[in-house]
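**Q** One-letter residues, chain by chain:
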Amino acid sequence: MAKATRQAFGESLVRLGADHPQIVVLDADLSKSTKSELFAKMFPQRFFEMGIAEANMIGTAAGMAFTGKLPFLCSFGCFLTGRYDTIRLSVAYAQADVRLVGTHAGVGIGDDGHSQMGLEDIALMRALPTMGVFQPMDARETEHLMDYLVKEWKGPAYIRLTRQNLPDLYPKDAPFRPGKLMKISETSSNPKVLCLASGATVAESVKAAQSLKAQGVSMSVWNAHCLKPFDEKTLLEIIEPVDLVITVEDHSVIGGLGTCVAEALAKTSRHPRLIKLGIQDLFGESGIAEELYEKFGISAKAIENRVKREI
Amino acid sequence: MAMQAKELETLANELRIWMIDMLAEAKSGHPGGSLSAIDLITALFFNEMRGIDPKNLSQERDHFILSKGHAVPALYAVLAKKGFIAYEELKTLRQTGSRLQGHPDRVRLPIVEASTGSLGQGLSVAQGMAISYRMDGLSSRVYCLIGDGEIQEGQIWEAAMSAPKFQLSNLCVILDHNNGQIDGPVSQVMPIEPVQDKWKAFGWDVIQIDGHTMEQILAAYQTSRAAHEKGSKKPTLILAQTIKGKGVSFMENQIGWHGVAPSAEDARKAREELQIHSLTNSRKGGPAHG
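Chains A and B, in that order, are what the protein sequence lines are. Going by the working numbering, the first residue of the first sequence is number 38, and it counts up by one from there. Going by the working numbering, the first residue of the second sequence is number 37, and it counts up by one from there.
Honestly, the hints are just simulated from the structure, not real lab data. Where hints are given, some of them may not hold.
The following residues of chain A were derived to be distant from chain B, with all beta-carbon distances above 10 angstroms [claimed, not checked]:
#: 1; residue: GLY96
#: 2; residue: LEU126
#: 3; residue: ALA326
The calculated EDC-like cross-link candidates involving lysine to aspartate or glutamate, where the alpha carbons are at most 16 angstroms apart (straight line), are [unchecked claim]:
#: 4; chain 1: B; residue 1: LYS305; chain 2: B; residue 2: GLU50
#: 5; chain 1: B; residue 1: LYS201; chain 2: A; residue 2: ASP66
#: 6; chain 1: B; residue 1: LYS234; chain 2: B; residue 2: ASP219
#: 7; chain 1: B; residue 1: LYS118; chain 2: B; residue 2: GLU50
#: 8; chain 1: B; residue 1: LYS201; chain 2: A; residue 2: GLU74
#: 9; chain 1: B; residue 1: LYS266; chain 2: B; residue 2: ASP241
The model shown is predicted, which means the values in this text are computed figures rather than measured ones. From the three backbone atoms N, C-alpha and C, an ideal C-beta is built for every residue, glycine too.
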């Protein structure tokens with residue numbers, strides 16, 4: 038069943054909240070949108086409405102983390118990461134055990150337009166030492182990731198979530214391997230094209246791979262739920278047999294998944310060509326999400342066409 | 037045993053000498069705002085704050101955050117005097133590999149409670165701690181020192197608005213109102229008055245004092261603590277009128293000494309003056325323990 042990752046996040050918070058009394062949740066007047074309201078209803082004593090004042094929310098969460106709490110602080114990704122200096126000093130430099138939750142990732146939010154779209158948030162967060170950066174591709178992976186971030190991860194982390202529903206892709210019984218690239222689909226034993234995607238674009242890439250297969254083009258699809266620390270080891274193994282690597286992300290091509298892959302490839306003396314699909318150093322705009330995915334070249338159709346042109 | 041006013045005055049003077057020596061050794065740093073804040077911080081650590089024995093740090097202790105991070109020599113001097121760091125280590129201020137970074141760093145030096153230095157941020161962190169202690173049923177109080185130039189930062193007013201919402205009477209903010217910032221007098225760079233009315237309007241109890249008179253400083257801390265213990269719902273702002281560079285005649289009210297370290301010769305002159313102050317002070321006050 039299709040579900041937005043923000044919804045799965047809100048439900049996971051409620052599930053984990055019962056057994057983990059150290060979890061506190063802060064929101065900046067967007068709890069209905071970020072889905073932190075689910076936690077607020079269940080655990081009102083551990084929910085803090087901070088008003089439309091994100092910087093103060095971030096600093097307050099750091100202070101809570103220093104005193105034994107595990108704060109999840111929620112807003113749209115662009116508003117949260119826009120308070121960069123506070124995240125940089127009060128959270129990252131101070132190594133505060135804080136979970137920054139940025140919803141409304143990418144042009145996928147559609148009609149609200151650029152000012153509400155997180156498009157550089159991964160790049161900003163990746164640049165901070167000690168910060169983990171995560172982006173689940175569907176509801177089940179969000180649940181796994183939430184378990185990991187509550188029970189195992191230490192230090193600050195940024196989690197990027199979607200407004201829109203995403204189809205189920207994560208296999209029901211597959212173990213969660215934190216930080217690792219994960220193969221989602223392979224259309225032949227020896228694909229020449231390797232596609233890496235993260236978050237909402239994994240589903241688009243899978244659709245593109247299916248369509249390409251029908252046309253005799255074999256492309257494997259891998260999911261990256263962790264942008265930092267990035268799984269370079271697996272990447273360098275899986276590029277061995279391929280001629281073309283393509284990355285697909287609903288984020289700027291500067292500093293996101295494409296950059297993670299480029300940085301890893303550049304460390305090898307010989308590597309396949311890399312095509313980075315994503316928001317090409319542009320601002321977002323209002324529109325219907327599906328149409329924006331076409332326009333910015335990250336829909337299944339756009340991926341398919343691009344691969345056909347390149348091979 | 038908490039020190040009383042006369043003893044604290046003498047001690048603050050001694051710590052002024054330590055700061056001058058530290059800054060001269062480092063050849064960089066911020067004397068002006070460290071000297072204006074040292075009386076306020078000395079009174080906190082040697083009279084007001086509970087449970088901060090380096091040999092036995094109490095879980096229910098009080099906490100201090102230096103939001104105006106450039107005044108960190110004042111904090112290091114107090115921490116050294118308390119025994120949290122060795123006196124010799126003060127000479128490593130700002131050196132490569134030192135725990136005594138140019139601005140507070142809670143990772144390298146964990147007794148420092150927050151990493152600050154980008155102004156406007158420490159008050160929010162202090163608020164988070166105050167909320168957390170109250171959730172845990174601890175009586176701990178949180179003290180946060182901010183600068184007057186610092187309150188030009190928007191985040192300060194976000195926190196000023198939210199601390200009263202959360203009824204944080206365990207939070208006591210001290211505003212070091214020394215009237216100077218790097219580019220000139222605060223009133224010219226960006227006027228902040230009427231400071232008292234602004235904080236009152238945001239829902240704070242405001243106590244105005246002379247930030248260099250120990251009796252007034254101690255009384256203000258006691259008033260804030262008493263209000264907390266009596267069930268007040270308001271955080272406190274202590275508006276401390278101070279003198280930038282206080283205690284060293286050639287630095288007092290001189291903007292130029294905001295962020296310039298004394299030369300060896302400046303330091304010698306400053307030390308001489310401060311030693312004379314100390315002597316006069318102890319003669320005036322008689323034996324500290326009476």
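**Q** Tell me, in ascending order, the numbers of any earlier hints that this structure violates.
**A** 1, 2, 6, 8
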